[in-house]
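Q: The primary structure of each chain is shown beneath.
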Amino acid sequence: MILGFVEWEAGEPLETSLQMLTLARDVADQTGTSLAAVAFGEEGAAVADHLGEYGVERVHHVADDRLTPYAPAAWGQALADLLEDHRPEAVLAPGTDRCQEVLAHVGATCDLPMAADCTAVEAGDAYEVTRHRWGGSLVEHARLEASTKLLSTAVHEVPIEPADVPTDPTVHTVEPTVDAEDLRVQVDRREESDVEGVPLGEARVVVGGGRGVGGPEDFDQLEELADLLDGALGSSRAAVNEGWRPHDDQIGLTGTKITPDIYIACGISGAVQHWVGCKGADTVLAINTDPEAAIMQKGEYAVVGDLHEIVPELNEALREREG
Amino acid sequence: MDVLTCIKRVPDTGSKIVLTEDRQSIDASNLGFTMSPHEECAIEAAVQLVEAHGGTARVLTLGPPAADEQLRTGLAMTADEATLLETDGAEWGPRATANAIADAVRAAEEEFDLLLFGNESADAANYQVGIRVAERLGLPVVAGIKSLEVEDGTAIAGREVSGGEEIYEVDLPAVVTVKEGINEPRYASMRAKMSARRQEVDRREPDAESGPGTFEKLRLEAPSDEDSAAEVLGEGPEAVPRIIEVLEEEVEVV
Ligand SMILES: Cc1cc2nc3c(=O)[nH]c(=O)nc-3n(C[C@H](O)[C@H](O)[C@H](O)COP(=O)(O)OP(=O)(O)OC[C@H]3O[C@@H](n4cnc5c(N)ncnc54)[C@H](O)[C@@H]3O)c2cc1C
Ligand SMILES: Nc1ncnc2c1ncn2[C@@H]1O[C@H](COP(=O)(O)O)[C@@H](O)[C@H]1O
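Protein sequences, first through last, are from chains E and U. Each residue of the first sequence is one higher than the one before, starting from 1 at the first, in my numbering. Each residue of the second sequence is one higher than the one before, starting from 324 at the first, in my numbering.
Warning: the hint list may mix true and false statements.
As the list claims (entries may be wrong) - Straight-line Cα separation of at most 35 Å, DSBU-like style, residue types lysine-lysine; simulated pairs:
1. U:Lys-469 with U:Lys-540
2. U:Lys-339 with E:Lys-257
3. E:Lys-257 with U:Lys-469
4. U:Lys-540 with E:Lys-257
5. U:Lys-469 with U:Lys-339
6. U:Lys-516 with E:Lys-257
7. E:Lys-279 with U:Lys-540
8. U:Lys-540 with U:Lys-339
9. E:Lys-257 with E:Lys-279
10. U:Lys-469 with U:Lys-516
11. U:Lys-339 with U:Lys-516
12. E:Lys-279 with U:Lys-469
13. U:Lys-339 with E:Lys-279
As the list claims (entries may be wrong) - Between beta-carbon pairs, the in silico distance windows are:
14. E:Asn-241 with U:His-376: 24 to 30 Å
15. E:Thr-289 with U:Glu-392: 29 to 35 Å
16. U:Ser-512 with E:Glu-320: 27 to 33 Å
17. E:Glu-322 with U:Pro-387: 56 to 62 Å
18. E:Pro-312 with U:Thr-379: 50 to 56 Å
19. E:Arg-190 with U:Ala-552: 43 to 49 Å
20. E:Glu-217 with U:Glu-432: 40 to 46 Å
21. E:Glu-322 with U:Glu-392: 26 to 32 Å
22. U:Gly-377 with E:Arg-66: 33 to 39 Å
23. E:Asp-227 with U:Glu-575: 15 to 21 Å
No wet-lab data here; the hints were simulated from the structure. Built from N, CA and C at the ideal position, the CB exists for glycine as well.
All chains, please: the whole structure from these sequences, using the hints.
A: Right, dumping it as structure tokens:
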């Protein structure tokens with residue numbers, strides 16, 4: 001059995017979980033075994049209705065009030081119980097903050113190796129996994145061998161594909177053996193953020209500024225451009241380090257990963273750590289004085305020149321159109 | 324309070340990554356070295372907590388002798404002590420690394436109140452060393468934290484989620500893994516750098532022990548050059564009409 005850890009919202013599996021299930025089904029097919037899923041929380045059972053389409057035959061539903069709200073070590077223990085009872089060949093989880101964390105707990109409690117951010121698996125006795133390093137600017141081929149292989153899937157890398165033959169999954173309720181120690185860490189409360197506008201990670205248009213912007217005031221032009229396009233403003237780490245923008249604006253390896261229709265990068269050189277945050281954009285248009293800058297090669301469109309001359313003109317032209 | 328921060332020496336790559344011939348690592352012959360920004364923030368959090376509550380801040384790394392450089396960056400940021408778990412430079416997997424760190428924590432004279440890690444290392448991004456150390460030491464662990472306070476022996480830690488923040492409260496001793504953005508790491512003054520250079524670094528030889536099963540690197544690959552030779556829309560403000568065309572016809576956002 002291959003076991004996939006499914007996250008959901010409002011009774012529906014998240015996209016990242018469906019990406020994971022697509023890879024999990026591939027592993028199940030390669031090894032000639034069945035595909036099962038595990039889901040936590042009240043609506044976990046309702047999620048089963050959506051999983052037959054992806055070839056899931058069995059859903060383990062962890063319905064224990066003590067595990068709502070989220071408690072990483074306790075969720076890990078519940079998975080460890082499933083490992084003990086069913087000895088799956090592999091457990092796959094999407095590479096989201098929570099799943100990555102829970103899977104690491106499983107690896108630690110069961111003393112098993114874990115491979116994070118995988119994009120492909122060649123399953124034999126040992127698995128040869130392809131995984132991301134440096135946020136995807138490097139690919140690693142690694143050998144994973146264990147009684148149960150633990151792997152997370154890099155997000156938005158495996159296209160979602162329904163199974164050729166849909167299934168009708170059975171639901172099994174699981175009662176985990178968690179104790180007080182497993183519940184030492186649990187979400188205590190939630191605080192809403194007061195940030196307005198489109199969140200960077202969800203915006204269809206993102207305008208980014210880097211060291212080439214030259215100072216905090218000059219970000220006004222970029223902000224205006226973002227507003228005119230109903231988009232969000234982002235920045236490079238250099239601009240954050242200069243104190244020109246807050247860290248929430250940072251795009252990249254240690255910032256936000258964006259997936260807009262278009263990313264307009266102004267005065268940004270395109271270091272690998274920035275590029276991994278914006279390569280999810282359908283189109284990248286770079287404005288830079290240096291035609292040799294990496295971002296001017298990597299993107300779809302390049303405009304050579306001073307952003308301080310180009311951006312105001314562009315804003316003016318857009319305003320006129322709206323006019 | 325006594326705080327330990329674990330950091331990892333990694334090459335400071337530029338716009339393109341070049342591999343060594345055997346494809347086992349990044350060719351760093353023309354590169355400097357650094358650590359993950361998450362880890363710089365972890366050091367900053369540690370020294371701020373020690374400034375507020377007293378105690379000592381120790382930085383630790385498992386790596387080659389040259390990783391001394393990253394420890395001294397920590398000392399220059401006003402950490403008090405440094406430990407190098409010295410290797411021959413070969414990359415250690417996340418399990419062996421975590422076991423060696425946990426054993427060093429057990430062997431240390433201090434009883435740490437807080438162990439800080441980055442959420443993930445910049446190069447390997449295994450997302451697990453901090454959690455494994457916590458489990459091995461029987462400590463609670465909160466991962467991916469963007470705000471942290473300590474009050475009366477309790478850590479109050481916030482993790483960013485869509486639309487807000489989840490708050491955790493954990494009794495110390497505990498492990499916390501942090502993300503960049505939690506604070507703004509200080510720039511070390513010239514004087515702090517000078518004095519960091521003279522400080523003693525505690526050197527130890529770690530045991531490699533990684534348990535059943537294997538997770539080992541076979542080879543690295545730089546993804547096929549994505550350089551698409553972008554289409555140049557023009558130079559200077561004269562390109563504006565072409566930019567608008569792209570926005571309108573191709574991306575359809577105006
Ligand atoms: C482990 C690690 C993690 C990192 N994580 C991130 C991350 O998450 N996000 C990130 O962004 N960086 C990250 N970095 C930093 C990254 O390596 C680069 O240092 C950073 O992205 C550079 O920012 P920049 O492009 O704004 O600055 P620079 O590299 O200095 O580029 C400035 C650009 O502006 C152009 N320019 C100058 N003047 C003008 C003008 N008037 N008009 C138009 N163009 C102009 C220049 O030609 C140049 O190309 C990380 C680094 C490390 C080591
Ligand atoms: N060799 C190392 N020495 C010290 N700390 C490390 C080492 N490798 C990883 N860490 C710590 O563990 C965190 C997570 O690493 P990883 O599990 O590789 O993503 C890093 O951000 C560091 O804080």
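Q: May I ask which of the numbered hints given earlier this structure violates, with the numbers listed in increasing order?
A: Of the numbered hints, 16, 20, 21 do not hold.
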